[in-house]
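Enquirer: Residue strings, one per chain:
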Amino acid sequence: MSAIVAQDVSKYYGDYPALRDVSFTVEPGACLAMLGRNGAGKTTLLKILAGLSAPAKGTVAIFGKPPRDGEARRTIGVLGHGIAVYDELSAFENLRLFGELYGLADPRKAAAEWLERTGLERAGDGLVREFSRGMRQRLAVARAFLHSPRVLLLDEPFTALDDRAIAVLQTLLRQALADGRTIVMSTHQLREALELATEVGLINRGRLAFRGERTQAMLDDPGWIYRHYGEA
Amino acid sequence: MDERNFTYMFYGFAVVWLCLIAYVVSLAAREKRLRQQLDGLKKLMEDRAK
Amino acid sequence: MRERFMILFSGFAAVLLVRNLYVMLVKLPDEAAQGAIFRIIFFHVPAAWTAFLGFFAAFVCSILYLAKRNLRYDAVSMAATEVGLAFAAGNLISGMIWGRIIWGIWWTWDPRLTSMLICWLLYAGYLMLRRAVEEPSQRARISAVLSIFAFVDVPIVFFSIKWWRTQHPQPVVWGGGAMDSSYWNMLFLNWVPLILIAVVLILIRLRQEEAQREIDAVRRWAHAL
Amino acid sequence: MPGFLRDSLTIAAKDLRSELRTKEALNASVSFSLVILLLFSFAFDPSADQTREFSGGLLWLVFAFAGALILNRSFARELPNDCLDALIASPISGAALFAGKAAANFLLLLAVEAVSLPVFGVFYNIRWWDQFWQLAGVLALGTWAMTVIGTMFSALTVNLRLRELMLPTLVYPVMIPALMSAIQLTTHLVGGQPLGGDVLVWLRLLVAFDIIFTALALSLVETVLVG
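Residue numbers (numbering that gives the first Met the number 0), protein chains in the order written: chain A, 0 to 231; chain B, 0 to 49; chain C, 0 to 224; chain D, 0 to 226.
To be clear, the hints were calculated from the coordinates, so they are not data collected in a lab.
Positions of the beta carbon are idealized from the N, C-alpha and C atoms, including for glycine.
Some residues of chain A that are not near chain C, with every Cβ distance over 12 Å (derived):
id, residue
1, G69
2, D161
3, I165
4, L171
5, D178
6, L189
7, R190
8, F209
9, R210
Here are the computed lysine-lysine pairs in the DSSO-like style, where the Cα-Cα straight-line distance is at most 30 Å:
id, chain 1, residue 1, chain 2, residue 2
10, B, K49, B, K31
11, A, K64, C, K67
12, A, K56, C, K67
13, A, K64, A, K108
14, B, K42, B, K31
15, B, K41, B, K31
So that you can see chain A by itself, here it is in the shape it has in the complex (with noise of 0.2 Å):
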């Protein structure tokens, strides 16, 4: 089974089209990049996709359930534009509640479990107000991972980390590629995104230009599919 199918998704902001027609499948295992430029719809897909949004048309199925189905988002973890975290409440908190939320069995065992994987195991008792951006930043990742999603939706994963925080996620999804959980993630840096991705779309002004596997021309030239399809 298909890891995500989409069809035929169309999305409005009233009469403006922000999605037209968007279809695609991810099978299990692969990293697909979304590229685009800013407005072009790639945030909008990903929110359908998380189930945060509804198309107007077409269907969506992750793992062939509808995404707002409680099983399907079991199986998500997103990672958004904010991190997604509380500042009034301590690290290990913090997660101990996305936890609970997503139905793990032993949920201070995943909180304390993940602080250790992103570096976090001495700081799990401070409050994330109390925090750097870059521990907040790794924390965010903590808790878009701690339920082992089987699909992981990131909206522009790279832009705001620091050095540590990317180097943390790069290992996080390598692994993930590596035990066959499926990526999608939105981005307009080329590099970081094309070097983890097997496979590339690219969306323009709501529309999928383009769709198909990474080639080693678009690692030399993150510049080449963007003059190719970029301009439809």
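Given chain A's structure and the hints, the job is docking chains B, C and D onto it.
Expert: Only chains B, C and D this time, still in chain A's reference frame:
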């Protein structure tokens, strides 16, 4: 007919219609705004055409 | 097509109004206690009915919008609420004038008048909320939910105020007993032109909304060029 | 259903924990309620015998105004760091999220009321505890009505820039029937008589209001949150 309070009856009638007329005036104002937007657009298009 | 309907409706409404005015001023028997002022009722009450009809239409269209996500329903809901508010304002102010003459005060906390005032505030809040949301789909979604809440609240408000006020002595509108059937007939007969006018106003407002959408679309297209 | 309950409790516990840690809304609400109680004493003679007759109205106005400060924050507290998106993307249903937040608000409002009620008794020299348990029940029912409406409208307006200005004008007219019932019942109980006879109609109205709007909010909140 009984003509006590006749003027007040008239006011009462008038006031219902005044409320509706006030709404119609607001509709007319919106119509005018639409017209202006349309003219602005036309001008924009003509400038582009040149 | 729609234009012709609007003209037809307005014409019919005008003829009916003239006929009704003639009957209510010349033919109808006088109300013994109140004099001419009583005749306000023939606009005061149907205006309230029309307003509630508008709010009801908004309620139905809000549910339809949430079910179908078609912005047309949202536009109808908005137009019906606006027109309903205009009629509700007519009802409120004519009620005040009537109260001034009969009870000597501009405002009585009469249950019907108070309920109408609360309704007015509820739906004025609806229009205020619409102005605060930029994105049309979000605006439609949020205001549909508010419209449903407001309409469900209306009967509860009405009954609660009725019970509240019956605990305090209240002036009565007419001297007890049933109202003459010729008065009732007139109320309904005068409701018809008001409904027609409301429909025409809603259609005009809808046409404006469509024009606005088209203009916005053309503008986006022009900017994209 | 046990899943629904567990999810709601998780959310409620989270909201309560973060509120108790900062106490931002709670402090503001309690002090505001004391200020209003003080201000009311200038509006009329606080030692007069009639005070008892409108004690219900006075109390519920205090609760409604002070409560708005807590209800305002309910969904707004999810906005920093985009936490709301993470909650909506998690497997809990919108209804469970709403129920949890409402439960937390309910407890916070009750806490504010528990402070302002004795202060009211002292300021206006009123023996309010004669029908303590019935009064507690009425307070719970009325507070739940405020909570449901307030939490729902907090969710509705969470993404609007004029949220704080908008909320009171939207919320209070909808609450009117519930407030009226609560006022009638409270005045009656503070007067020392148990519930019965004519006032029961208000109890029924209040319960009906609670049930109707809880059901409506639970069924519509998902549409409000998922765009």
